[in-house]
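Asker: Respectively, the protein sequence lines represent chains A and B. Read in this note's numbering, the first sequence has 483 at position 499, and its numbers run on one by one without any break. Read in this note's numbering, the second sequence has 1544 at position 247, and its numbers run on one by one without any break.
It is possible that some hints are incorrect.
Claimed, not checked - Simulated coverage check for chain A against chain B, where a stretch passes if three residues somewhere in it have a Cβ under 8 Å from a Cβ of chain B: (1) 423 to 437; (2) 448 to 460.
As the list claims (entries may be wrong) - Quick list of simulated restraints, FRET-style, between CB atoms: (3) B:Asn1482 with A:Lys73: 41 to 47 Å; (4) A:Asp692 with B:Val1539: 23 to 29 Å; (5) A:Asp697 with B:Thr1534: 16 to 22 Å.
Derived by calculation from the structure, the hints in this document are not laboratory data. Keep in mind the model is a prediction, meaning the values are calculated, not measured. For glycine and all other residues, C-beta sits at the position ideal for the given N, C-alpha and C.
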Amino acid sequence: MKTRQPQNRVRRPATSTGKRVSALAIPAWLPLGGILLVSGAETVRVTGAHRELFFNIDHFWVLYMLLPFVVGIIIYGLVRRSRVWRLGKPIATRETLRSAFDDLPQRLRRVLKGGAGTERVLRDPYSGVMHLCIMSSMIVLFLVTALLAVDDYIPVDILVGPRYLGYSLVADIFGLIGIIGVGMAVAHRWVRPRTAWLPTWEDWLILGGLGALLITGFIVEGLRIHTSEINVNPEWSYWSPVGYVVALMFSGVRVSAALDIHTTFWWIHMIGALAWISLLGYSKINHLILAPANAFLKRTSAPGKLDMIENIEEQEHFGVSQLEHFTQKQLFELDVCVRCGRCTDNCPADIAGQPLSPMHIIQDLKSYATAVGERKVANLMQGNDLNYGLDAETPMVGGVVRDESLWACRTCGACVEACPVFIEHVPTIVDMRRSLVMEEARMPDTVQGTLETLERQGHPWRGTPYTRESWMDGIEVPEWTGEQEYLYFVGCTGAFVDRAQEITRSVVSLLREADVSFGVMAGMESCNGDPARRLGHEYLYQILAEGLIELFNEEGVKKIITHCPHCFNTFLNEYPDMGGKYEVIHHTQLLEQLLNDGKLEPRGETPEQTVTYHDSCYLGRHNDIFEAPRRILEQVPNVTLIEMPRNREQGLCCGAGGGNMWMEEQGKSRVNEVRVEEAVATGADSACTACPFCIQMFDSGIGTVQLDVEDEDKLKVLDVAELLQASAVESE
Amino acid sequence: MDVIVCVKQIPDPETPAAAFKVDEAAMRVLPAQGISPVISPFDAQAVEAALRLVDAAGSGAVNIISLGPDSARDAIKHSLAMGAEEGYHLKDDAFDGGDAWTTALSLSKAIQHIGVPDVLIFGRQAADWDQGAVGSIVAELLNLPSATVLRAAELSDGGITVSRVVADGFENVELPTPCVLTISNEFGDPRYPQLRQIMRAARKQVTELTAADLGLDPSEVGAAGARVQMHALFQPTSDVEVEIIEGDTPDEKAAGLVSALREAKIL
């Protein structure tokens, strides 16, 4: 006679993903192994222990009949959604498939670590543990059920005696862990809600359903123990501790009544489980299929890179103003979102109380894709025009997603970095900006002014009193001849903004000190197009980029030094799409190399000081350069480096990114002030960074944050190069 | 309602002072390196005003005329990108070296050549020489009523109601059509062209007209017909003297400032 603990048998369809199986490798084996070992030692008293499959249940075949039905319901739900995804531009072109194949190991690693290993979920201990509890419980209970089924249908009995008891213990423990996880998730929503978090009926249905399933499972188990095991083989039931406790609670109930209750709960449990699993096709629990899929689909290029609009002059629309302008992957991503809120929690605009929440952008688009996307699908299927009958709908850009939210984005990538299901919010936001700027020409005045200045003067600094040569007054700067190894690309900010001119001069002085072969183009430079691109004006970007690439090629440029992370990112990651391929090095990388090679020696006496390093988004998060600037600072005498709580991948934007350098901020506070407060809170004497925009944002933030502080006690803001120059170059 | 707007391409007024140079001998402004000339900002506002009037009327077109060298074509293209229909470029070596009079004469002939529209609009002045004369001279030459330095212009029964910016307020005037208007910066920002319009404008042909096309003799236009003679062109030098007012308290500093200002006869 064999019995099984049936509560999780029907979870099978839900667990056929790589996510669960490989995640098992990480959290679940340890307890499993331990328990099996312990149970091995208990052989003497428990020989013959086992239980009966479908104990006390007639017509259990109904269950088998329902299974394919449930699978069908789930597939129908997913297929229906996939029709909306397929409204988008196809992603499976020959080129993308080839590139996906090239990056296969990287993509699979991401599926394993980020998808199955829930790497990013674990960054927040509370929700990490919560998620792990629920996930590991479901995996173990699935395997336990599967094992019982296998055992039942093969001639050899595996689950007998001590093995059965160990098995029963594991099942009970993970059932309990599941309940703990659900409890934590419920408490999370009541006690510790995240920013902008709105638990909905969907949350309660999923959590309530799961909790009810786990509890009814234990009730069924307890009743089975009460009615069959506890009196005959009580020592077996100690190995089902939760079931045993439940059995004790039922000890006053007559066996015949208990058997009736058992049957009722068994069916409630089973039908409930089937219904809950059907939600896989209709609710956010689909993330256990979609999240690993999205981990695979996410681009492997630098996260800050924007995709080019090819043949822009022949396009029928510019950017995204309709669902069908998105790519299939962008539409797919909307459904992957589980509304966890990590993107919004990490968004500099949201932190500063400004009108942007990446989560709400994705969620609002998702609702729109449901409401309007499905009608578009219906139009297609009925052979109508795609937008038939949809004229009166709220426009997607400007209505569903408000202009001011799109403009508040810094393109800093904190949301993308935080997203545990690998959604890429930034390209989606910029695509809608593209529509605002190029399609509708609707933008804040300050953006218009910046774009006009870029068009006319080739730089974004409207009203600057300087020329591209002004910073060179009084110092010797080698002009580019085509013979030197490096072109030092000064950039617009390094030339037109007085505070940034000091950085440019420091870099030149360090390069000369180290005898680097370099030259500058000064008056021949123009903007590389980054501000235009981030502001949504792809066409202007392409014109500026084409011009500069032509110049670089004519001048025989091979290697480029930049001190601006935005120039750096554009040259390194975006120019190759336009045919401009150069070796690009950021000044912090080069300076670190020069220090290592002994070409620069910090020898001068810099005063004793503590320094905190602020990561520029386009250097750090977007290009993974976190350590070079820190290692430079560590080599400057008398400098002690201290970190702000948000650093490296989690660094907070200064507020200038995404063209916000040239916009008026709207909202409760300014991003730069939030960041300066964080820097001041470290107690550091100076804040160092490696981006001319961050420097300006810090300087202006200090003006308000430290309004009442004496000038000499205010936080000093320096580029890494300036601090190094003070010790490595003798003043002339 | 048909409107013609006359526009001018000028050196970018945002050119930093350090990049602004003149050739004193030739009495010419030298183009600044790397800074493209632009449509005069008042003229862009004039195009905006024209587009709004035609929009409000529900029919008609805005056409553009510009007199100048090759680069004037960009001002026309910019206006077309904003939404204008046709562009006319008065391009002839004979026009070189002209003044407000010869420009107005040439423009008025061009306007008659194309057909006098319901409304003729100019910027209040070109933002390079800032004379503000051409619009009014054209009105005289064509014998049309005019209203200058406008902050608003709207259609009214059988005419145009405008609001002029005057020294101590605003003056609201009604004009019959056809008439001449000049638009001031108070009118508001011109629209930023949509990319689709920019591309449409790029493909459009601009009609080029010479002095001969307009029935003008070379002696009437350009330097030959000019009534203004330039005697010198130079960049004024300005000396800045800085005096820091010392004082231990803000009150003392303020008192010091007041006496310094009195000494300089500013207060």
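Asker: In ascending order, which of the hints set out earlier in this document are inconsistent with the structure?
Answerer: 5
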